[in-house]
Structures are given as structure tokens and as C-alpha cells.
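Sequences listed follow chains A and B, in order. Under my numbering, the first residue of the first sequence carries the number 114, and numbering increases by one thereafter. Under my numbering, the first residue of the second sequence carries the number 2, and numbering increases by one thereafter.
Hints are computed from structural coordinates only; laboratory data are not their basis. All values reported here derive from a predicted model rather than from experimental measurement. Glycine included, C-beta positions come from ideal geometry on N, C-alpha and C. Take these hints with a grain of salt, some might be off.
Covered stretches of chain B (in silico footprint by chain A; criterion: 3 or more residues with CB under 8 Å from a CB of chain A, positions within the stretch not fixed) [what the hints assert, rightly or not]:
{"#": "1", "segment": "15-24"}
{"#": "2", "segment": "49-62"}
{"#": "3", "segment": "167-181"}
{"#": "4", "segment": "259-265"}
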Amino acid sequence: MAIIEIRGLSYSYPDSPKPSIQDVNFAVDEGEFVLLTGPSGCGKTTFCRCLNGLIPNSYGGTFSGRVVVDGLLTSEHAVYEIAQRLGLVFQNPENELFCTTVEREVAFGPENLALPRGEVRSRVEESLGVVGISHLRDKSPEELSGGEQQKVAIAALLAMKPKVLVLDEPTANLDPLSARSVLNILAKLNTESGVTIILVEHRLEMVAHMADRCAVFDDGRLVLAGDPGEVLYSEAVDRMGIGIPKAVQVAKRLALNSKFGKKPLSSWDLADIIKGGKL
Amino acid sequence: MILFDDISYSYSPGRYALEHVNLNIGEAELIAILGENGAGKTTLVKHVNGLLKPQSGRVTVCGIDTKNSTVAALARKVGLVFQNPDHQLFAETVEKELAFALVNFGLPPDEVSRRVDWAMNEFELTQYRERPPFMLSGGERKRLALASVLCYDPQILILDEPTTGQDNRQKTRLAALLKRLNGEGKTVLVVTHDMEFVADFIPRVVMLSKGRVIAEGSAEEILTNRELLMSASLLPPQLAEISWDLALQRPSIDLEQIVSAASKLVGGPQR
């Protein structure tokens, strides 16, 4: 069942002569892991803001079309209502953390829903545990590393028990090990807890194999969407200046797709296919 | 060009950020500085433009001992582009940002405007001439920070994490620019975590771990050394992983080599 449905979405920022999003139609099923990519300035961040209702509710501008999140039409519901169903993680966690301790940060959302004390407590414990940062609870977010801060931001959203998490380049400022650790948490949330994930990411070699579907934006339009293998092995994607993972480049050069119908997305899948295990 | 002679530095007593570092970087090198968070990469490059002076040992830049020089004097020779452009940009407009250092170096006005125009053109910023830097996108601010350093033409260029938040097209453009500057004789140091970028574009690597230089050599040799990468908590580039997964005799980070080695294995031993 679709948890997000988008019909004929177009949007221009106030005073901008050119639309940032043009005629996008898209639907996401509950429990899907969708990878969203495309060159800088293609509209990915604007699209994320459309998903949690910041657009049109807080940004103004010219909005047309329909965005429905878990049954809520975003143009007719307040951001706080949508936020209980869909959480948005930004690129730079410094810009969204503000409490004096990690525990308070994670409790902030549920406290503002006026939930009973016991419920707030159990949500905080569970969120810290899932993300693996229970030991940081008394630290100030300021003194944490970028990777730890990003985990706090994710835990704070999980405490709202959203059905959907949208993450806008959450690993852009992280070192590779922290990035991998954050991405593994997302994969776990998706497979074990059934959280729908929409992840904006440039480094496809780290995430292509995790996603159920890949969507590519270019110049405000959704130009490709489908199985990550279909998308990354299409000819169209080569022309868009997207960083195609080396495993895919090698497989394309070896014509594994045309000869054997195989579209590996990771180094280990590639190696298995080459060595004959999957032919 | 840059000589680190047994330097040590610590921010707090008892904990070395850099410990007995020896390193000799020649003229016209293009080199990546790799290492885990806290390995000492940024501390190292801050010694090159004199922002930090070694507590023991000696740093020599273009023959000058940095202890006998000032940041202002070294700045003409060494351009440092910070990771976060917001720590660097401050002027009211893009044009003023680019002109700032040039005016301070006392260049004549026509030379200032010639170089500002060059930089705006080179980095596709011309349309933003009158715009405040903070109104630009993250990627554009990053380009402006680089442009503001390049327009005073330093002999040594140091970039701290230049690829964060940049898409593939911008990374490729950046790589082409660095290659060109390097080809013109400049020494270019890139501090980065972006192993794919290093594997694709940077020939030489210095690897730091816990304040020490643990390896130095060609990118091909170092980025395919599994034990070394693991000991420095670094992730390998995907071509190295493919080499290992295929159990290639000669692991590589070169696409052509991997394609050629892999094509001999396709289909497994039964063929």
C-alpha cells in the first residue's frame, strides 16, 4: 500500500523565475527503501521539503499538485501533524540539535506531543538503543562527533514513531566509517522495524545495494525511477553525471547484463557472478 | 618545497596531535593526506601556512622556517581552503570576497579586477557577483572559498575535504582543475576521506594515524593494502574491494586493469 502519493507536483520558491520541481508523479509503498539521487541543484532538497509539508506550509511560493503522506494531504495539514508520520533528517546535524543533553534532545519531540511521562521515557530508551547511542545520553550534542550527532538527530525523530524517515544527504559531512554506520542503522530500521526510508545520497557505491528502488532527479524533474539495477544499468543514467559505482562500471564493461542478465550493485555480488557462482 | 623535520604538536599536555612527523613534499606534487578522524591531518596542514608552529622540530616552506615567518607572509605562498566555507567567507558580496586578499597584498586595481573576473569565470560565479556569499548554495560557497584562494595564485595549495557535498560532475571538474594547476607546477595537498576521489584522481598518498605518518607512497600501492587501511580505520575504494573479492593476484584501483583481469575470470573455472 502506498504511504506516500504524489500527483502533478510542481513548485517554485518565492521570487524564483524557474520552478524547482516540475510535474513529479511518484508513490512510495509502506516499508520501501527508496534511494533518491541526481546532480546538485536538481531539486532533491526541495522535494524533501515537499514531503514533510515545509513546502508549501512554511516556504510560500507557487505550489500545485497533491502530496499525500499516510493519508494526510500536506497542503491542508500543519507541519507538526505530518511530522508525527514522517521525519526529516538534514545534511548538517548541527543545524537541528539544540538541547543540553542527548537524552533531552530525544525526549523533546514526544514531550511536545504531551505524552505521559512513562511513554516518553520508554520511547527515549528505545530510540537511543536502536541507534546504538545509549552511552551518550548525558553528553551535550555539541561535544559529539559529526557521526554521533547525526545518530542523535535520527534517534530524536524515531522517538516520534514516524512511519517514514526522509534523510537529505545525512552522510555528506561524515567520515566513511561513520557514514557506513549511519547507513547500516537505516537498513536495520527498514528491515527490522519496517520504517519506510527515503534517502538522498550521492555516494551510490555505499547504498545502491540496500535500496528497493532508485529515483533520479534532474533539473527539477523525476527522470528515472525503478529497481536500482534497472536504473543504474540504463543508458540514460550515464548521461547525467551521476557517480556510477565501480562495481556497476566493471559489470557494464564485461557486459554481464546483456550476456547473463545480471546487474550486480556491490563488489561481492559482482565477484560472485564473475566467479560463476550465480551464473 | 615543504619539509617537516621531526615535528611534534599537542593541544593538551600528554596527548600528541602530531608525534615525530617527518615528511618531504617536493615541487609540483599532487598528494592526498588520508587518516581517520583525529589522525592529525588538519593539524599537519595548519603547520604549512604557519597557523600552527611546531612545538618541537622544524617546518620549512619554500626554504623558509615557519618559526621565522608570519601567517601573513606565508599566505602569499600557501593557500589553505577550509573544509567549511562558512569559516572562511565573510565579505558583503562575492566580488568583494574575491578581491579581499588581492587588495591586502597591494596589487594594483586593474590587476585585482582582472583576477576577480578570472576567478568568477573559472568557477561559474559571474552571475552572483553582487550577491552576499551566504545567499549561495553549499556547493557554490565551497567553490567561492576555493576561488578566493586561487585568485592570489599561491605556489602551494591545500584543500581540506574539498569534495564534501559535491556531486560527481563537480568532483570531476575539481579534479581536472587540480591536475591543471599541478601541471603548471603548483604543489597541491588534498586532505580527504573521499577514497573514491583519491583512487580516481590523486597519484600519491600520505597516511596518518594517531598523529604519526604510517605510510607514504603511490595511491595504487597504499589503497590496495587491506591491513594498512584497516589499521587506520579507513574504507577501501570499491575497486580495491572488487580486487579482493575476486582474489586477484595484483589488486588495483585502476578500472582498466580490473576490467582486464576480471574478463579472464568471467564464467568461473569450468570455461
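- Hint check against the structure, violated hint numbers in rising order: Hint check: 1, 2 fail, others pass.
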